[in-house]
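Enquirer: Each protein sequence line maps, in turn, to chains A and B. With my numbering, letter number 414 in the first sequence gets 414, and the count goes up by one each step, no holes. Plus 1000 on top of the position in the second sequence (first one is 1) and you've got my numbering.
Everything hinted at is true.
A few chain A residues facing chain B, derived, Cβ under 10 Å:
#1 Gly246
#2 Ala408
#3 Leu429
Selected chain B positions facing chain A (Cβ under 8 Å, derived; list incomplete):
#4 Arg1183
#5 Arg1196
#6 Val1346
#7 His1433
Simulated crosslink set (EDC-like; lysine to aspartate or glutamate; CA at most 16 Å straight-line):
#8 B/Lys1180 - A/Glu431
#9 B/Lys1180 - A/Glu435
#10 B/Lys1180 - A/Glu412
Hints are computed from structural coordinates only; laboratory data are not their basis. Source: prediction; values computed, not measured. All residues carry an ideal CB built from backbone N, CA and C; glycine is no exception.
2 protein chains.
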Amino acid sequence: MNQPRELASSALEELRALLGDRVSVSRGVREHHGRDESYYPYAAPDAVAYPHSTEEVRDIVNVCRRHRLAIIPYGVGTSVEGHVLAYSGGVSIDLSQMNKVLAVHVEDMDVTVQAGVTRKQLNDEIRHTGLFFPVDPGADATLGGMASTRASGTNAVRYGTMRENTLALTVVTADGRVLKTSRRSRKSAAGYDLTRLFVGSEGTLGVITEVTVRLFAIPEAMSAAVCSFKDMAGAVNTVIQTLQSGIPIARSEALCATTMKAINAYNKTNYKEQPTLWLEFHGSEHGVVEQAKLVQDIARDNGGEGFEWATKPEDRNRLWSARHQAYFAGLQLRAGSRAVSTDVCVPISRLTECIIETGKDIEKASMPIPLFGHVGDGNFHCMVLIDPESDRDLEEAKAFNARLVKRALDMEGTCTGEHGIGYGKREWLIEEHGEAVELMRTIKHAFDPENLMNPGKVLPPER
Amino acid sequence: MNQPRELASSALEELRALLGDRVSVSRGVREHHGRDESYYPYAAPDAVAYPHSTEEVRDIVNVCRRHRLAIIPYGVGTSVEGHVLAYSGGVSIDLSQMNKVLAVHVEDMDVTVQAGVTRKQLNDEIRHTGLFFPVDPGADATLGGMASTRASGTNAVRYGTMRENTLALTVVTADGRVLKTSRRSRKSAAGYDLTRLFVGSEGTLGVITEVTVRLFAIPEAMSAAVCSFKDMAGAVNTVIQTLQSGIPIARSEALCATTMKAINAYNKTNYKEQPTLWLEFHGSEHGVVEQAKLVQDIARDNGGEGFEWATKPEDRNRLWSARHQAYFAGLQLRAGSRAVSTDVCVPISRLTECIIETGKDIEKASMPIPLFGHVGDGNFHCMVLIDPESDRDLEEAKAFNARLVKRALDMEGTCTGEHGIGYGKREWLIEEHGEAVELMRTIKHAFDPENLMNPGKVLPPER
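Same shape as in the complex, but just chain A:
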């Protein structure tokens, strides 16, 4: 891959003519845009542009195409597979100033936002409507970034992922076209599903500038619970049996004993340091009580003990904020460490087996590896805590992840449930999809013949 280069001065002049001081080549800004939450070596773009509108994005794309500069969409940099790293240099399009909620349609339960709106901002701005946007990957990511990586999170088992919740996108393509992928009706059978094609394409097919997503009524009642188990199998089996009973559980997170220890240390809480299930129920007052009772029975049959309830909003928020901080809590288990995150997802019938086998692998590791995940959809994460200075640690983490991905693929699963392929998992794409990757290449070549759209991401280099 190319080393970052000086930006051609004519390209920079054209960008400045468009954006004035909303284009930067300062070292600090470029470096900031050349890294994400992954451990991959950072790679700064040649310039960073801050558009305010779809039209400005289109104009930036046109400048880049004329000068053959790579185009890298950037939200808030919370990706974990090197999605925003500028290994071919080029222009990072930072969409964070495109942060307007454009249209809330309360009756239709949808909202259109600029791509730089974050999920927390969105939920703050629409709270008065009685509606909320449920997709919650933990990080306060932008809607554009979440659509690009097909994000999901703790709520997905009930409300779906970005795949199910994105109704329409405005996209700037490599040839500088501005397209709307769909209209605003809830469903349509009119032509190819461009919306779903751009969702999860990680900036390699175009730049998402606006996003229309579904909203949901804030449930009449919500209730969260914590329950601990002797082993992970009990926790996971509880979730599987709950889903099979048709109980519409809203969230179900399993956390290993190591994760619970980290959470206690980080939050000064005193949860039992055992495999634990965190659950949430949404519905009517009656419905929530009924669901909770049924799940308690199932948990008990699987060795669950000591249900602790949180029904007040502040208690529930405290609980989920502790869950979301599992990542930061985990990092504290080893001073100065950095996490190599894994992200497999398997059919739920194989989940218990996959977690048990992974647990055996964790026991053999030289570093702590907390494990937790959205078990309701078969997705879980391990945080391999490496010393960033140690090549041996990194090799060990890579080998651990390779075994885990192989295990998941052998169980008809995927190498990534929600993080995406980015830079880091490209070779796994072939293991997972085989010849279908050639069809993905066909799409990429057709949409972006000069390979300017986030080059080097998603598709592995051709051999």
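Starting from the known structure of chain A, fit chain B onto it as the hints suggest.
Expert: For chain B alone, kept in the frame of chain A given last:
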């Protein structure tokens, strides 16, 4: 477009070598495969092939490519926009003998079937598992056909359409590759969403040979109700307010007075011949009672009267079978008539207005036009009952549909909620999607450069 031609004898020999007597050039068989439920002039293929496996489909596709013959996938011929008409001749691939349920994964709540399995067959074969497949377009269509047209139906507001419920497909592409679009995990962020790209592509990008779909737990309790209203606005507003309250209604069908009259005549029932809502609730015993009570209150506020309940399975089945027969019942309103079906879908905030405006247009029509639909997702149908011999009737129907589509597009809706584009709605695709159609063409050219895959469908001719 080409007229149907004699099949080159060498191509026929190659097909016979592959399939023996499972290839037919008899006039009757070809004519049968040259029509669907639409009013478009029939167009027979040159031959009909009946494969038993994905490999046989691949071999047929390879023969067709060598001889440059059009390839038209055929399920049971229930499409309504001319999807299976062979205007360029070629080979109709009838998948009805690929009718095996290949693998039921009860714990994962999914099933893999050959493309020729119909939805009723599937539900019969899995009944013992306690699971069911909810997508129900009325007709007993094949799963392959339903995936191809992105079908939905009465249950979509609760369970989603084929877009949400298809987990993976096996597809034979124009170049004779056999691909699996996805693995079996519930979610994945690995690469472009090929599954969703093939769902709704109507055979123009490849032949779907196997389908993996989600299943759901048969609800503990189900209850259906019929409620009549003074006007359609009351019925539609009841549904809108129900959804906004977050009540997880399973089905909500609105039927106009003309449709109710047709249903009564056809089924010898005595429903009130007024605008009517047919509802269904799924959940726990308590949940269903609670939902029903809330909806009754909402209905009453909107002028609804006389809730009639059906809780026994046989009563519910009778009710929904009457709803599904609305099409055939409607045809009886005018002896010897044929229906031109419309299929718009609008954001739900515009639905009442759209239905009222359409009602005014119906009043001016020279023929009966029953109106009914899945109002929960903004989708409704009109059946324009034409005399098949009358050009004037056909022109009137086309003009009515054109006004309806225009009205829906002006309200940010779509020209087709669930029927698909097929042959009949290609020009509307441009009205609806504008420049995005060029991106769809890019995909079509990339996947099928020789335009052999169901040519003349979805994409309008280039000018």
